[in-house]
Structures are given as C-alpha cells and as structure tokens.
Amino acid sequence: MKNLAAEEREGMSVIVGTVTHWVCAFIILYGLYIVAYGHLTPGGGFAGGVILACGFMILMLAFGKRRLVSMLPISRAAMLDCVGAFLFWLLAFGGMLFVGNVFFKNFLPHGGRLRLWSAGIIPLCNVAIALKVTASLVLALVALSVLRVKAGGSDEEFITDIDEE
Amino acid sequence: MLMNLIVVLLMFVAIGAIIAIWTRDLLSALIAMGVVGFTRTVVFVLLRAPDVAITQVVVEVLLLVILIRSAVRREVHTVEGGRKSAGAALAAALVVVMLVLGVIAVRELRPFGEPLEQRAWDAPALTYIDKGTEQTGAGNIVTAVLLDYRGYDTLGEATVLFTAVVGAIALLRRKSRRSGVEAPDEG
Amino acid sequence: MVYLLCLVLFAIGLYGVLTQRNLIKIIISLAVAESAINIFLVLLGYRVNGTAPIEEGTLEQHAAFVNASVDPLPQAMVLTAIVIGVGVLALSMVIAMRLYHRYGTYDITKIRKLRG
Numbered sequence: 178m179k180n181l182a183a184e185e186r187e188g189m190s191v192i193v194g195t196v197t198h199w200v201c202a203f204i205i206l207y208g209l210y211i212v213a214y215g216h217l218t219p220g221g222g223f224a225g226g227v228i229l230a231c232g233f234m235i236l237m238l239a240f241g242k243r244r245l246v247s248m249l250p251i252s253r254a255a256m257l258d259c260v261g262a263f264l265f266w267l268l269a270f271g272g273m274l275f276v277g278n279v280f281f282k283n284f285l286p287h288g289g290r291l292r293l294w295s296a297g298i299i300p301l302c303n304v305a306i307a308l309k310v311t312a313s314l315v316l317a318l319v320a321l322s323v324l325r326v327k328a329g330g331s332d333e334e335f336i337t338d339i340d341e342e
Numbered sequence: 021m022l023m024n025l026i027v028v029l030l031m032f033v034a035i036g037a038i039i040a041i042w043t044r045d046l047l048s049a050l051i052a053m054g055v056v057g058f059t060r061t062v063v064f065v066l067l068r069a070p071d072v073a074i075t076q077v078v079v080e081v082l083l084l085v086i087l088i089r090s091a092v093r094r095e096v097h098t099v100e101g102g103r104k105s106a107g108a109a110l111a112a113a114l115v116v117v118m119l120v121l122g123v124i125a126v127r128e129l130r131p132f133g134e135p136l137e138q139r140a141w142d143a144p145a146l147t148y149i150d151k152g153t154e155q156t157g158a159g160n161i162v163t164a165v166l167l168d169y170r171g172y173d174t175l176g177e178a179t180v181l182f183t184a185v186v187g188a189i190a191l192l193r194r195k196s197r198r199s200g201v202e203a204p205d206e207g
Numbered sequence: 003m004v005y006l007l008c009l010v011l012f013a014i015g016l017y018g019v020l021t022q023r024n025l026i027k028i029i030i031s032l033a034v035a036e037s038a039i040n041i042f043l044v045l046l047g048y049r050v051n052g053t054a055p056i057e058e059g060t061l062e063q064h065a066a067f068v069n070a071s072v073d074p075l076p077q078a079m080v081l082t083a084i085v086i087g088v089g090v091l092a093l094s095m096v097i098a099m100r101l102y103h104r105y106g107t108y109d110i111t112k113i114r115k116l117r118g
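Residue numbers (the numbering used here), protein chains in the order written: chain C, 178 to 342; chain V, 21 to 207; chain R, 3 to 118.
If you are wondering where the hints come from, they were derived from the structure by calculation, not from laboratory data.
We put the beta carbon where it would ideally sit given N, CA and C, even for glycine.
Footprint (simulated), chain R over chain V, 3 or more residues, beta carbon under 8 Å:
1. 37 to 48
2. 70 to 84
3. 109 to 115
4. 165 to 176
This is chain C alone, in the form it adopts within the complex (with noise of 0.2 Å):
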C-alpha cells in the first residue's frame, strides 16, 4: 500500500507544477469577480464557489494530496462551512432583527442603480453563499479521493490517510 500511495500522493511532473501555480491564481481570481459581480452579471454565489473549488481541485491534482490538505486541512475547511452557513443565517436573521418582523427582509439601502454596491444584502448573501459551497466542495473532494478505501477487511483496517479528526 505504501509504494501505490508513494507514486500517487506526489502529484505531476515540474512542468504541469509551475503551470499550476500561475493558473490557480487566475482560477481564484475568476472565482472571487464571478462572486463579487453575482448581483450584475451571470454567476452569483453558487457558480463562483464552484470555481473556487476547482482551484483548490487543480492544486491538489498537480502537487498530491499532502499539499492540498497541508494547506486547507480538513477540520478548517469544516469550519469555514460553518461560518459560511451561519453567515448566511445570520444575514437572514438580521432582517428580522432590524426591521420589523420580516425573516430575510433586504435591508440595506439599494445603492445606485446597478453598481457594484448595490442591492442590499444580495452581495453579502453571495460572500456567504460562496464560502459555504467551496468549502462543502472541497470537503467532498478530501473525502472521495483523498481519504483511502482498502477492500474487503473489517472495520479495523480501514485507512483515513490524513488523520486529523
């Protein structure tokens, strides 16, 4: 098991590694203005979080496993879920708090007429949406390629690769 785990974990030659680390930095790019712009132009928070997981998804197919995880460790990657959602509640709940009893009222003032601050929580909406959906996408994907199934044993031998949970 050690010598498949060996040659798998390492990732990709040096060439697809140098081309990864300028290309990661355009995909988050891209990602962060498809969030940003959500209210203005296609995307929003689902599709800009999307993106952003598929640069973290690029890193860890070019450099292995170890760099990924060393660098969004799992129970991080958890935490930011959380936040994300609870953000997102909590922008929700702060109609309710602030104005009236209306749950999920736009409360902040709309701003000029399609600018990039503009549309009351919408943005904030989508920050929070987007933090949530990366890291939900990221945990899925520690969770399907990086932890390792070994078949056929008992529940004893079963492997989780990065144990930090």
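Got chain C; can you put chains V and R on it based on the hints?
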C-alpha cells in the same frame, strides 16, 4: 430552428447516456457522463440561461474529477453484465407505462417557446422581470430571485448541501480503537 | 417535441437504476435522470427570440427588456438543483465506497447480508 438544434443536442445527450449506462468499462462510462454534462451546458447557453451554464460546466468538471478519482481504482475497472431477464422485462414494462403517461401529460403543456404573458397572465415571474431591478437593486434577475424573492429556498439549499457533506465526512470516520468498547457497525 | 426527448432521457436513467447491477452504474443512471429533469425545467421557461434575464441597459431600454426576457424562475430553481445534485452524488459515492470496503465488490446481488 432553435428547437431543431436543441433536439439534435438532446439526441447527443441520449446517446451519451446510453453509452454511459450500458458500457462495460467504468472509465468509459464516466467519460460518457462528462459528454452528457458538457452537452447540457451547450443546451443551457442556447436556451439563454448563462448562470445555469456557468454552474453546470464547472460542476461537471468537478464531478468528473471526483468520480474518476474515487471510483476507478487499480483493482476494479470492468463491470459485470445485467440482471436476469425477468426483472429486466418488468422494469421495461414499468418504464414504458411511465413514458405513455408522460406523453399524455406533455400534451397538456403549452407549445414550446410561448411568451410568458400568454401562458400565465398572472405569473409572479412577470413581476420579477418588470420590477426586479427597482425593488431589489440587482441587475441579474436570477440572483435577485434566488437571494431576495426566494431567499428561503436558498437557505434550505445551503442546509441540504451542508447535511450531505457532513454525512459524507461522518461516514468515513475511523472506528475508535478503545479497548473493550465495541463500536457499532457503520455500514 | 423537445419535451418528449427529455422524458425519454429520464426513462433511460430510470431503466438504468432499475436494472443495473453495479453500484457505480446505478449512481451514473441517477445523475442522468437528474440531468433530464434539469433540462426540462429550463426548457419550460424559454421564450421565442428571448434574451437572458440580465438587465444591463438604461431605464429607457427597460420596456424592451421586459418584452424579450426569458423566464428567470426555472433558471433559479435549476441552479439550486444542480448544486444539490453534486452534493447528493458525492454522498452516494461515499456510501458506495463504504460498501466496497465492507463487502469487497460493487455488485448489488452480492451485497445481501445486512449484518455481515
């Protein structure tokens, strides 16, 4: 004309789906599923849905990598055949019955591409398009619908995604090795 | 019509779920059926010679935008459905992996013992 184009693309999707389900090699099945996903993206772009197309193409790439990494291991690559014929005949009969009922139901639908004002004169979507920008301040009406008019559904969706991922991580937990404690089977 | 093709696609996925023996193939058939329903929903909202529901003009172009935009409501629902579909597929793959670890095979006719 657009309908013919979409019919051709949907036939590609059907061919890809048939190959994905009935081929013997697991890697080919997953690649055929990728074909299905990318053709769906083209269909969404033709149907003037850019949000959905962006989400679909990125989700398809992510899903392909996840599935290939997790399902195609070094030991298992090929797939056994189908089941015995009695079960297959019953399943085919059920599917044909569902198709017949579906054809009857689809005939009740309005023709494809009819404008919304003629289809349902009091649809809420007309209010969303007309007053969306001035009521929410967002230019992207789909985002305004998702996060302002239908924000509750988005909250529910975030909860579903959260639950699915928490369940996935919880299923992969290592059994505790404390002596004398018999942990329950997690299968 | 295009609606019929979506139904046929859903029927293909359903037939795959009912008759396949390999667990991974069942999951793939589930994904195909979900694809068919998403395409059907977006097809419902189309409008002939429509434009995308993104408003980016001035106030004078607003009337033209209202007359030509497609329905945004099915697109919002399908956006949510696609992301939920990813979560559900990931969870079912994890279940399949656990079953493989427990029984050593993906064949559902051999996974019969509830407590091994």
